[in-house]
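**Student:** Chains as they are written, first to last, in this note's numbering: chain A, 1 to 382; chain B, 1 to 382.
If you're looking for bench data, these hints aren't it; they were derived computationally from the structure.
Possibly wrong hints are sitting among the right ones.
Pair ranges (Cβ atoms, derived) [as the list claims (entries may be wrong)]:
| no. | chain 1 | residue 1 | chain 2 | residue 2 | range |
| --- | --- | --- | --- | --- | --- |
| 1 | B | 371 | A | 372 | 34 to 40 Å |
| 2 | A | 162 | B | 372 | 45 to 51 Å |
| 3 | A | 215 | B | 63 | 54 to 60 Å |
| 4 | A | 275 | B | 212 | 57 to 63 Å |
Just a sample of chain A residues kept apart from chain B, beta carbon distances all over 12 Å, derived [as the list claims (entries may be wrong)]:
| no. | residue |
| --- | --- |
| 5 | 12 |
| 6 | 13 |
| 7 | 34 |
| 8 | 63 |
| 9 | 67 |
| 10 | 86 |
| 11 | 118 |
| 12 | 217 |
| 13 | 267 |
| 14 | 314 |
| 15 | 360 |
Chain B stretches covered by chain A per the calculated footprint, using a threshold of three residues with CB under 8 Å from any CB of chain A [to be verified]:
| no. | region |
| --- | --- |
| 16 | 181-187 |
| 17 | 199-211 |
Using N, Cα and C, we set each Cβ at its ideal position, and we do this for glycine too.
2 protein chains.
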Amino acid sequence: MTPTPARPIATAGPVLIIGSGLLGASLGLCLRASGVDVYLEDASPTALRLAQDIGAGTPLVDAPDARPRLVVVATPPDVVDACVVRALAAHPQAVVTDVASVKDAVVEGVLDEAARTGDASLARRYVGSHPMAGRERSGAGAADADLFYGRPWVIVSHAQSSPEAVLAVRALAGDVGGVALEMDARTHDRCVALVSHAPQLVSSMLAARLVDAPAEALGLAGQGLRDTARIAASDPRLWTAILAGNAGPVAEILAAVRADLDDLIVHLEAAAERGPLRGGSVGAVNRVMEAGNRGVARIPGKHGGAPSRYAELEVLIPDAPGELGRLFTELGEIDVNIEDLVLEHSAGQSVGLARVMLDPARLGDASAELERRGWRIIPHAG
Amino acid sequence: MTPTPARPIATAGPVLIIGSGLLGASLGLCLRASGVDVYLEDASPTALRLAQDIGAGTPLVDAPDARPRLVVVATPPDVVDACVVRALAAHPQAVVTDVASVKDAVVEGVLDEAARTGDASLARRYVGSHPMAGRERSGAGAADADLFYGRPWVIVSHAQSSPEAVLAVRALAGDVGGVALEMDARTHDRCVALVSHAPQLVSSMLAARLVDAPAEALGLAGQGLRDTARIAASDPRLWTAILAGNAGPVAEILAAVRADLDDLIVHLEAAAERGPLRGGSVGAVNRVMEAGNRGVARIPGKHGGAPSRYAELEVLIPDAPGELGRLFTELGEIDVNIEDLVLEHSAGQSVGLARVMLDPARLGDASAELERRGWRIIPHAG
Numbered sequence: 001m002t003p004t005p006a007r008p009i010a011t012a013g014p015v016l017i018i019g020s021g022l023l024g025a026s027l028g029l030c031l032r033a034s035g036v037d038v039y040l041e042d043a044s045p046t047a048l049r050l051a052q053d054i055g056a057g058t059p060l061v062d063a064p065d066a067r068p069r070l071v072v073v074a075t076p077p078d079v080v081d082a083c084v085v086r087a088l089a090a091h092p093q094a095v096v097t098d099v100a101s102v103k104d105a106v107v108e109g110v111l112d113e114a115a116r117t118g119d120a121s122l123a124r125r126y127v128g129s130h131p132m133a134g135r136e137r138s139g140a141g142a143a144d145a146d147l148f149y150g151r152p153w154v155i156v157s158h159a160q161s162s163p164e165a166v167l168a169v170r171a172l173a174g175d176v177g178g179v180a181l182e183m184d185a186r187t188h189d190r191c192v193a194l195v196s197h198a199p200q201l202v203s204s205m206l207a208a209r210l211v212d213a214p215a216e217a218l219g220l221a222g223q224g225l226r227d228t229a230r231i232a233a234s235d236p237r238l239w240t241a242i243l244a245g246n247a248g249p250v251a252e253i254l255a256a257v258r259a260d261l262d263d264l265i266v267h268l269e270a271a272a273e274r275g276p277l278r279g280g281s282v283g284a285v286n287r288v289m290e291a292g293n294r295g296v297a298r299i300p301g302k303h304g305g306a307p308s309r310y311a312e313l314e315v316l317i318p319d320a321p322g323e324l325g326r327l328f329t330e331l332g333e334i335d336v337n338i339e340d341l342v343l344e345h346s347a348g349q350s351v352g353l354a355r356v357m358l359d360p361a362r363l364g365d366a367s368a369e370l371e372r373r374g375w376r377i378i379p380h381a382g
Numbered sequence: 001m002t003p004t005p006a007r008p009i010a011t012a013g014p015v016l017i018i019g020s021g022l023l024g025a026s027l028g029l030c031l032r033a034s035g036v037d038v039y040l041e042d043a044s045p046t047a048l049r050l051a052q053d054i055g056a057g058t059p060l061v062d063a064p065d066a067r068p069r070l071v072v073v074a075t076p077p078d079v080v081d082a083c084v085v086r087a088l089a090a091h092p093q094a095v096v097t098d099v100a101s102v103k104d105a106v107v108e109g110v111l112d113e114a115a116r117t118g119d120a121s122l123a124r125r126y127v128g129s130h131p132m133a134g135r136e137r138s139g140a141g142a143a144d145a146d147l148f149y150g151r152p153w154v155i156v157s158h159a160q161s162s163p164e165a166v167l168a169v170r171a172l173a174g175d176v177g178g179v180a181l182e183m184d185a186r187t188h189d190r191c192v193a194l195v196s197h198a199p200q201l202v203s204s205m206l207a208a209r210l211v212d213a214p215a216e217a218l219g220l221a222g223q224g225l226r227d228t229a230r231i232a233a234s235d236p237r238l239w240t241a242i243l244a245g246n247a248g249p250v251a252e253i254l255a256a257v258r259a260d261l262d263d264l265i266v267h268l269e270a271a272a273e274r275g276p277l278r279g280g281s282v283g284a285v286n287r288v289m290e291a292g293n294r295g296v297a298r299i300p301g302k303h304g305g306a307p308s309r310y311a312e313l314e315v316l317i318p319d320a321p322g323e324l325g326r327l328f329t330e331l332g333e334i335d336v337n338i339e340d341l342v343l344e345h346s347a348g349q350s351v352g353l354a355r356v357m358l359d360p361a362r363l364g365d366a367s368a369e370l371e372r373r374g375w376r377i378i379p380h381a382g
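Please model the entire structure based on the sequences and the hints provided.
**Tutor:** Put into structure tokens, the structure is as follows:
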């Protein structure tokens with residue numbers, strides 16, 4: 001791994017990271033690369049040693065005099081709230097944050113504890129975080145100093161958070177390359193229910209239908225199924241814990257999905273009863289698909305804001321070493337920047353299709369030049 | 001567009017193509033490039049002239065003496081059955097096929113007509129087709145001779161189809177570069193309901209939730225949502241017609257989705273009632289996600305069969321012209337074949353992540369060599 005570029009570091013160490021999995025160890029690596037003192041805690045001695053071995057920090061047990069100024073709780077989602085409360089008590093001078101992907105439960109846990117103990121400093125010193133930097137692997141072995149680079153980092157303060165605590169967490173987000181944005185806990189949880197948690201369950205429900213599918217059906221699978229079902233490969237244990245903590249907002253979205261689903265089933269069953277020769281109108285299909293058109297159009301593209309209107313060039317790619325590389329080399333020679341790229345394959349085939357998104361102003365000459373160089377371009381309607 | 005490579009052509013022309021949209025015009029282009037005589041019919045004179053202008057064939061009205069030996073019906077899905085029956089009657093010496101994505105309704109229409117007229121030759125001369133070669137644009141303007149190249153082409157004969165008719169349709173599929181496979185109509189329709197029609201509706205239902213989403217939620221959208229909702233951009237009119245013709249099998253799959261959805265909602269609502277601090281066990285989430293894991297693992301990878309176990313290399317790509325090209329050039333220089341590729345972006349960011357799938361045996365040296373050349377590689381657990 002490579003260190004992040006040198007620049008002024010705003011985080012005042014030492015930093016204690018509790019939980020040395022993917023997120024904790026990546027944070028440690030990144031902070032260490034910037035010269036910040038990092039201490040580590042983990043319930044698992046093995047995990048702790050692994051994180052130490054890759055250079056993510058020093059076990060806190062080996063530094064009994066350490067006085068962390070910032071504590072980052074990066075434990076599994078179902079114990080985060082308890083760990084945050086313990087950290088606030090154990091490190092009474094420190095600002096405490098956590099990196100869990102659901103925030104309301106953690107904030108409530110802190111406020112309850114502050115009320116129970118009558119210690120308002122507990123609440124003042126806590127500010128939540130949600131770095132949007134998951135990946136498909138877990139553990140310190142998958143850690144990387146660049147994990148947070150360029151990713152949104154949601155900062156979740158509450159009414160009693162002190163400005164100093166908010167600043168400390170903003171500094172952390174910025175120091176590891178994250179893009180800080182602020183939201184309150186409920187808004188955050190509803191947002192991630194919509195853009196992350198509900199999509200996860202929808203994808204899993206679809207993929208679950210394939211368990212007993214005949215092999216011949218899977219042979220007809222195309223890119224549409226592959227994309228829609230991709231995140232169904234996510235870790236059930238991790239997600240069960242995440243969803244348990246955000247059950248209300250997710251249930252609300254799923255209830256809205258169920259209303260559409262009921263409507264679709266009623267209309268499709270009626271069409272089936274009329275017989276295949278007179279399927280006729282399936283109003284619910286049209287309605288749901290039109291809403292889907294409008295919804296997907298709102299997802300920001302690569303550069304944020306409204307989706308960019310790139311032109312698309314489709315090129316056939318023979319399945320031989322270097323062919324895709326040759327295409328990109330030649331696009332580079334023509335000075336075309338690739339804004340986005342999708343590769344499509346058919347099962348069993350030795351040819352692929354590259355869909356290259358580029359500046360519409362360059363489409364005509366790029367297409368002509370690639371054809372001149374022998375590429376097979378699939379032309380578009382416009 | 002480029003002609004397909006020269007090779008012996010098995011299709012005995014002339015071929016009449018009824019319906020000169022994307023599929024019809026692409027077929028015409030491809031057959032013309034191989035020297036086969038192609039005639040065209042279309043209810044829209046404008047569409048017909050466009051297809052003629054791009055070289056897809058000659059309007060049948062201009063060749064009153066033409067005697068087509070093969071008729072391909074490529075009209076919109078809701079009129080295919082009627083068009084096939086008319087074509088069988090109008091061209092009594094011809095084999096007739098169609099390219100609709102639902103087959104049972106068309107077969108039933110032909111068998112009904114054969115029974116009604118007492119003309120068994122109608123049934124003998126009909127064999128259905130489903131070339132799996134859709135795309136997001138429609139019309140002859142988007143046509144391409146390579147549209148079917150390397151794609152599965154399902155051949156759907158029925159008990160009364162003559163062997164000669166089956167051979168003629170196999171020849172057509174092979175001549176345009178398709179990969180022929182055979183299925184009966186009901187099996188075909190259930191397969192596409194599972195791998196294409198149900199995924200379409202599931203993706204649309206998810207994307208429909210975004211219509212009224214706050215902008216800040218969409219700012220947190222990541223690759224998971226983008227992938228799951230991508231096909232929600234499909235054309236509602238076309239899909240309403242397709243789904244009307246396959247309503248029964250699709251309704252059956254959606255009913256199974258609803259059983260899981262009901263279960264998820266019950267468990268999530270119960271967890272929400274227990275409160276965010278003790279979400280506790282959400283058994284349905286775990287069950288559905290585990291089934292999703294098993295289901296998605298059955299989708300064939302690029303080369304067919306079980307998913308290949310490629311190694312994955314994650315590389316940070318600065319958003320500057322030629323950077324992606326430079327990566328592929330350098331992978332080519334190291335002689336690494338890219339088996340698959342996914343680009344990931346965060347909204348508003350000027351850096352992307354390329355996930356390159358490659359031969360596991362090459363992972364170590366490719367990774368080391370790229371780092372030596374200054375690329376930022378994100379290491380994996382293994």
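**Student:** All the hints need checking, so say for each whether the structure fits it.
**Tutor:** Hints, verified against the model:
1. 371(B) <-> 372(A): 34 to 40 Å: 36 Å, holds
2. 162(A) <-> 372(B): 45 to 51 Å: Because 47 Å falls inside the window, the suggested range holds.
3. 215(A) <-> 63(B): 54 to 60 Å: 45 Å, violated
4. 275(A) <-> 212(B): 57 to 63 Å: The hinted range 57 to 63 Å is violated for residue 275(A) and residue 212(B), with Cβ atoms some 37 Å apart.
5. 12: The assertion about residue 12(A) holds, with a minimum of 27 Å to chain B.
6. 13: 24 Å, holds
7. 34: 16 Å, holds
8. 63: 27 Å, holds
9. 67: 30 Å, holds
10. 86: About 15 Å separates residue 86(A) from the closest Cβ of chain B, which puts it past 12 Å; holds.
11. 118: The assertion about residue 118(A) holds, with a minimum of 19 Å to chain B.
12. 217: Violated, because the least Cβ-Cβ distance between residue 217(A) and chain B comes to about 4 Å, which does not exceed 12 Å.
13. 267: 8 Å, violated
14. 314: Non-interface label fails for residue 314(A): nearest chain B Cβ at 8 Å, not farther than 12 Å.
15. 360: 15 Å, holds
16. 181-187: That given contact holds, which follows from 3 residues of the region 181-187 of chain B lying within Cβ reach (below 8 Å) of chain A.
17. 199-211: holds (count 13)
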